[in-house]
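K.L.:
The chain contents come next:
Protein chains: 2
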Amino acid sequence: MDHPNTANSLNTMYIPTFDDVLAAHDRIAPYVHRTPVLTSSYLNALTGAELFFKCENFQKAGAFKARGASNAVFGLTEAQAARGVATHSSGNHGLSLSYAAGRRGIPCTVVMPRTAPQAKKDAVKGYGGRVVECEPSTSSREEVFARVVAETGAEFVHPYNDPRVIAGQATCSREMLDQVEGLDAIVAPIGGGGMISGTCLTLSTLAPGVKIYAAEPKQADDAARSFRAGHIIADDAPETVADGLKVPLKELTWHFVSRFVTDILTAEEDEIVEAMKLIWKRMKIVMEPSSAVPLAMILRNRELFAGKRVGVVITGGNVDLDKLPWMKG
Amino acid sequence: MDHPNTANSLNTMYIPTFDDVLAAHDRIAPYVHRTPVLTSSYLNALTGAELFFKCENFQKAGAFKARGASNAVFGLTEAQAARGVATHSSGNHGLSLSYAAGRRGIPCTVVMPRTAPQAKKDAVKGYGGRVVECEPSTSSREEVFARVVAETGAEFVHPYNDPRVIAGQATCSREMLDQVEGLDAIVAPIGGGGMISGTCLTLSTLAPGVKIYAAEPKQADDAARSFRAGHIIADDAPETVADGLKVPLKELTWHFVSRFVTDILTAEEDEIVEAMKLIWKRMKIVMEPSSAVPLAMILRNRELFAGKRVGVVITGGNVDLDKLPWMKG
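So the sequences go chain by chain: Z and D.
Going letter by letter, the first sequence gives residues 1 to 329 in this note's numbering.
Going letter by letter, the second sequence gives residues 1 to 329 in this note's numbering.
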C-alpha cells in the first residue's frame, strides 16, 4: 500500500523528538503564521467549558499542513531541493507542499485523481506546483507517482507518515501552550493522525499533564476502533462530510496515538455540520467540516469538558463556498 | 421624518468632540472587543496596495455598532437607565443596543417591521431585548415607536444620528491608528454615515493627513450624490445586496461627511458580491455584503490606492448563512 520509498515498518522510520520540533519552529517561522487563538463567550456558555480555538484556518495555504510541508521543504539539502518534492494528495497537503516549494523556489509535483475538483488543481497550480493526473484508484496513483519520482528524483513528502511533517505540525501546540495558560486538554480532529501526533510530541515533553483528545467522524471511525483494538484498522473509502479525515493511521502516527492520546471520541454527520454552522455564525470564521468535529464531539461529551480549559485546533479553512454542507438536500 | 425626540436641525444637536471619543473608549472598554487587524498577501498583490482589515465582524453582537450602542447605554444616568432604551432597527444597531442594554441590565425595546426575518427578531431577544412589531411603513414605525417611548419613557438611541453613537464608533479608527503605523488612508462603507463620521472625528484630531474614503453601493449612492451636490439627498427605498447601507445621511453625519471625507466612491452589485466571496475565500472570515463594498471600490480604483497603506473597516459579520448572495439565481 505504501509508496516504495516509504518505510513500511517503524523499525526503519525515524521517530521525531522535541529537539526536532524546536528546529522545525525556527526553520518554518519565516514561512508560516503564528495563528491567533479566538474565544467565544456564546460557545463557552453552550459547552460549559472554556474553549480556546487555535485558528489554523488563517494559516498560509489555509491549513496547519503548511507547517509540516514547510519543515520538510526547508530541511532539504541544496542537492535534494534541486530535484524538488512530490506527493499524492488532493487536499490541503498537496496545496501546502506546493506553497512551501514555491517559497523555496523548487519544483513540486502533486499527483491527483483526474476526478478531483478543478478548483483544487487550480489552487495547487496557483502556488506554482505541477499537477499530474492519475485514475481514481490506488494502483494508478502508485504507478503514476512512481513514474514521477523516477523521472524527477523528487523527494516524497507523505501527508502525515513522515517525521519531518509531524515535527512541523507539532509547532502548532507549542504555540498554543504559549498563547493560553493552564490548559486542561487539547482537542484536534484525527484522520491520518499528523496533527494529533504533533500534539503528542509537544505535550509529552512540555505539558504531560494536559489531556489529548482526538475527534473523529463516526462514519470514518477507523482511528477510534484502532485505538480500542490496539492495532491499526484501515477502512476502505469511508464516507463523511469531513473529507480531510478519511485517511487511515500509519505506523509513525500510530506510534504517537497509541502512546499519548487520552481518548478518541466520535461525532455524527449532522452534529458535525451543525457545529460547523455554529462556528461560522458565532465566531465569524470560515473553516472546513473537518475542523468542526472537535466542537461536535465536545457537545456530545459535555460532562468530560465542563469547567475545563480546552484548546481546540481549527485545522483548516479551505472549503468550496458554492457547496456548503448545509445547502445539501 | 425623524422621531419627535430627535432634533431636526443641527442647531440643536450636540457635535461630539475628540474628548467624547476618549471618554467613550474608557466607558465601553469592558463591553467591546479591541478587534484584530488582519492582512492578506493575496489581496495585497491583487490590489497593489497594503491593506489592513479592521475586523469588526469579530466585535460583540457581530458589528461595530456595539461600540456606539454601548457608549449610549453606559453613558445614561441611573434614572435614565431605569427607564431603558429604545430604537427602530431591523439590523445591527437593534442587536447591538439589545446587547449593551443586556450588559447593563436595563430594558431595551426594538421596533421592527413584522416582515423582518424571524432570525433577526430572535437575535434581539437572545440578548434580552423586547421586540415590538410595526407595519412595514414609516408612518406605522413612527406611530408604534412614539407609543413605546410614551409608555416606557425609554431613551431613544438613533442608529447613527446621535453624538453618543458617533463618539462610540470613533473608537474603532482610534484603535486602527494604534494597531497600524503609517496609514495613508482609511476606507469604510457608508450608509447613514455613523462609522464614517466617527472616523472623521478621530482622524481630524489624531491624523489629519490620513485620507478618508467612503465606499457605497452604486445602487444606493445617495451619500455620493449628496457629497457632490453639497446637501443631503435621501433616496426612497434603494435596493442593494449591501442591506446595511440603504439608509440616508442625516444632519449630524452630514456635518462630518461634508467637512472631512476625501471622497465617496461606488461599486456595482456584482463587484460587491465578488469582493465578499474573495474575502471569505482568502481571509477565511465571515462578513456581511456591506463590509465588502470597500474592497470592491478599491479594486475599481486601483490607481488611487496602489502603493498606499490602507485601513479597511470590515463593519460586521451578521449574515444569513442559508441565503448567501452568490447562491442567488
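These aren't lab readings, by the way, just hints derived from the structure by calculation.
Careful: at least some of the hints might be erroneous.
A pair holds if it fits inside one copy or across any two, identical chains being indistinguishable in the list.
Think about it this way: if two alpha-carbon atoms lie no more than 25 Å apart in a straight line, the pair counts; the simulated SDA-like pairs of lysine to any residue are [unchecked claim]:
(1) K308 / L22
(2) K121 / S40
(3) K125 / A150
(4) K211 / P30
(5) K246 / M327
(6) K281 / T39
(7) K281 / P325
(8) K281 / E142
(9) K125 / E151
(10) K211 / E142
(11) K121 / E181
(12) K211 / E181
(13) K120 / T39
(14) K246 / N301
(15) K308 / P30
(16) K281 / L324
(17) K277 / W254
(18) K125 / L46
(19) K281 / P113
(20) K308 / L177
(21) K246 / L278
(22) K211 / P238
(23) K246 / K323
All of these numbers come straight from a predicted model, not from anything done at the bench.
K.L.:
Each hint should be assessed against the structure and marked as holding or not.
P.N.:
Tested hints:
In this assembly of identical chains, the alpha carbons of K308 and L22 never lie at most 25 Å apart, being 28 Å within a copy and 37 Å across copies at closest. In the homo-oligomer, the alpha carbons of K121 and S40 lie at most 25 Å apart only across protomers (22 Å), although the nearest pairing inside one protomer, at 35 Å, exceeds that limit. Taking CA atoms no more than 25 Å apart as the test, K125 paired with A150 passes inside one copy only; the shortest distance there is 22 Å, against 65 Å between copies. In this homomeric assembly, K211 and P30 never come within 25 Å of each other (Cα to Cα): the closest approach is 30 Å inside a single copy and 32 Å across copies.
For the homomeric pair K246 and M327, the shortest alpha-carbon distance inside one copy (22 Å) is at most 25 Å, but the shortest distance between copies (28 Å) is not. Taking identical chains as interchangeable, the C-alpha atoms of K281 and T39 lie at most 25 Å apart whether they share a chain (13 Å) or sit on different chains (22 Å). In this assembly of identical chains, the alpha carbons of K281 and P325 lie at most 25 Å apart whether taken from the same copy (14 Å) or from different copies (16 Å). For the identical chains of this complex, K281 and E142 are neighbours neither inside a copy (41 Å) nor across copies (32 Å), given an alpha-carbon limit of 25 Å.
For the identical chains of this complex, K125 and E151 are intra-copy neighbours only, at 20 Å inside a copy versus 65 Å across copies, given an alpha-carbon limit of 25 Å. Taking the closest pair of Cα atoms, K211 and E142 never come within 25 Å of each other, the shortest separation being 37 Å inside a single copy and 58 Å across copies. Taking the shortest alpha-carbon separations for K121 and E181, neither the intra-copy value of 40 Å nor the inter-copy value of 38 Å comes in at or below 25 Å. Taking CA atoms no more than 25 Å apart as the test, K211 paired with E181 passes inside one copy only; the shortest distance there is 14 Å, against 41 Å between copies.
For the homomeric pair K120 and T39, the shortest alpha-carbon distance between copies (23 Å) is at most 25 Å, but the shortest distance inside one copy (30 Å) is not. For the homomeric pair K246 and N301, the shortest alpha-carbon distance inside one copy (23 Å) is at most 25 Å, but the shortest distance between copies (45 Å) is not. For the homomeric pair K308 and P30, the shortest alpha-carbon distance between copies (24 Å) is at most 25 Å, but the shortest distance inside one copy (34 Å) is not. Both within a single protomer and between protomers do K281 and L324 lie at most 25 Å apart by alpha-carbon distance, with minima of 13 Å and 13 Å respectively.
In this assembly of identical chains, K277 and W254 lie within 25 Å of each other by CA distance neither inside one copy nor across copies; the values are 31 Å within and 39 Å between. Taking identical chains as interchangeable, the C-alpha atoms of K125 and L46 lie at most 25 Å apart only when they sit on different chains, with a minimum of 17 Å there against 41 Å within one chain. Taking the shortest Cα distances, K281 and P113 sit within 25 Å of each other only across copies (24 Å), while inside one copy they are farther apart (34 Å). Only within a single protomer do K308 and L177 lie at most 25 Å apart by alpha-carbon distance; the minimum there is 15 Å, versus 37 Å between protomers.
In this homomeric assembly, K246 and L278 come within 25 Å of each other (Cα to Cα) only inside a single copy, at 23 Å, whereas the closest approach across copies is 28 Å. In this assembly of identical chains, the alpha carbons of K211 and P238 never lie at most 25 Å apart, being 28 Å within a copy and 55 Å across copies at closest. Taking identical chains as interchangeable, the C-alpha atoms of K246 and K323 lie at most 25 Å apart only when both belong to the same chain, with a minimum of 19 Å there against 30 Å between chains.
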